[in-house]
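*Asks:* Sequence:
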Amino acid sequence: MKPGEKCGLMILGMDYAYVGCELGKKEMTILQSVCKDANKKNPEIVEQRTLAIGTEFYFRVTVGDSSFCTFSISRNGKKFTEFGKTFTAREGLWVGARIGLFSTAPAPGKTGFVDLDWVRCE
Numbered sequence: 001m002k003p004g005e006k007c008g009l010m011i012l013g014m015d016y017a018y019v020g021c022e023l024g025k026k027e028m029t030i031l032q033s034v035c036k037d038a039n040k041k042n043p044e045i046v047e048q049r050t051l052a053i054g055t056e057f058y059f060r061v062t063v064g065d066s067s068f069c070t071f072s073i074s075r076n077g078k079k080f081t082e083f084g085k086t087f088t089a090r091e092g093l094w095v096g097a098r099i100g101l102f103s104t105a106p107a108p109g110k111t112g113f114v115d116l117d118w119v120r121c122e
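Everything in the sequence shown is counted per this note's numbering, starting at 1 for the first residue and increasing by one.
If you are wondering where the hints come from, they were derived from the structure by calculation, not from laboratory data. There could be a bad hint or two in this list.
As the list claims (entries may be wrong) - Estimated spans, in silico, between C-beta atoms of each pair:
1. Lys78 to Pro43: 33 to 43 angstroms
2. Glu27 to Tyr58: 26 to 36 angstroms
3. Glu91 to Gly54: 33 to 43 angstroms
4. Ser67 to Lys110: 30 to 40 angstroms
5. Ser66 to Thr111: 15 to 25 angstroms
6. Gly64 to Lys110: 29 to 39 angstroms
7. Asp115 to Asp37: 14 to 24 angstroms
8. Cys121 to Thr86: 18 to 28 angstroms
Owing to the predicted nature of the structure, the values given are computational and were not obtained by experimental measurement. We put the CB at the ideal spot given by N, CA and C, even for glycine.
Build the full structure now, drawing on both the sequences and the hints.
*Replies:* Next up, the structure:
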């Protein structure tokens with residue numbers, strides 16, 4: 001990753017939330033961000049941010065009753081710790097809420113990318 005790039009796991013609809021990592025000028029951080037009424041171009045709010053240790057992470061989202069989504073992170077893929085606030089998924093414009101992976105770059109015309117080993121849905 002290059003400074004300013006982000007990647008992560010998200011739940012996307014009229015509102016969205018994600019857990020991911022972002023490379024700053026000198027350090028990598030893990031963060032959870034939420035955007036309410038994203039279709040109205042509202043800004044994201046960072047709910048939690050912490051300094052990352054290493055460069056390999058596992059992200060998970062558990063969707064429960066009433067569309068409550070709980071994000072968690074792990075360094076080894078075995079022991080997960082809840083991260084950020086519980087998020088309530090909302091429908092999208094044409095379909096229900098979706099799950100997705102993303103990678104972004106900070107400047108227009110630039111492209112970010114991330115290497116993924118695997119994705120599992122249960």
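*Asks:* Between Cys121 and Thr86, does the C-beta distance stay in 18 to 28 angstroms?
*Replies:* holds (20 angstroms)
*Asks:* Has the hinted range 29 to 39 angstroms been met by the Cβ atoms of Gly64 and Lys110?
*Replies:* holds (37 angstroms)
*Asks:* Taking the CB of Ser67 and the CB of Lys110, does the distance hold inside 30 to 40 angstroms?
*Replies:* holds (34 angstroms)
*Asks:* Is it true that Glu91 and Gly54 lie within 33 to 43 angstroms of each other by Cβ?
*Replies:* holds (36 angstroms)
*Asks:* Has the hinted range 14 to 24 angstroms been met by the Cβ atoms of Asp115 and Asp37?
*Replies:* violated (33 angstroms)
*Asks:* If you check the beta carbons of Ser66 and Thr111, does the distance land in 15 to 25 angstroms?
*Replies:* violated (37 angstroms)
*Asks:* Per the hint of 33 to 43 angstroms, is the separation of the Cβ atoms of Lys78 and Pro43 within bounds?
*Replies:* Since the Cβ atoms of Lys78 and Pro43 sit about 35 angstroms apart, the hinted range of 33 to 43 angstroms holds.
*Asks:* Given the range 26 to 36 angstroms, decide if the beta-carbon distance of Glu27 to Tyr58 lies inside it.
*Replies:* Given a distance of about 20 angstroms, which is not inside 26 to 36 angstroms, the answer is violated.
The structure fails hints 2, 5 and 7 (numbered hints given earlier, in ascending order).
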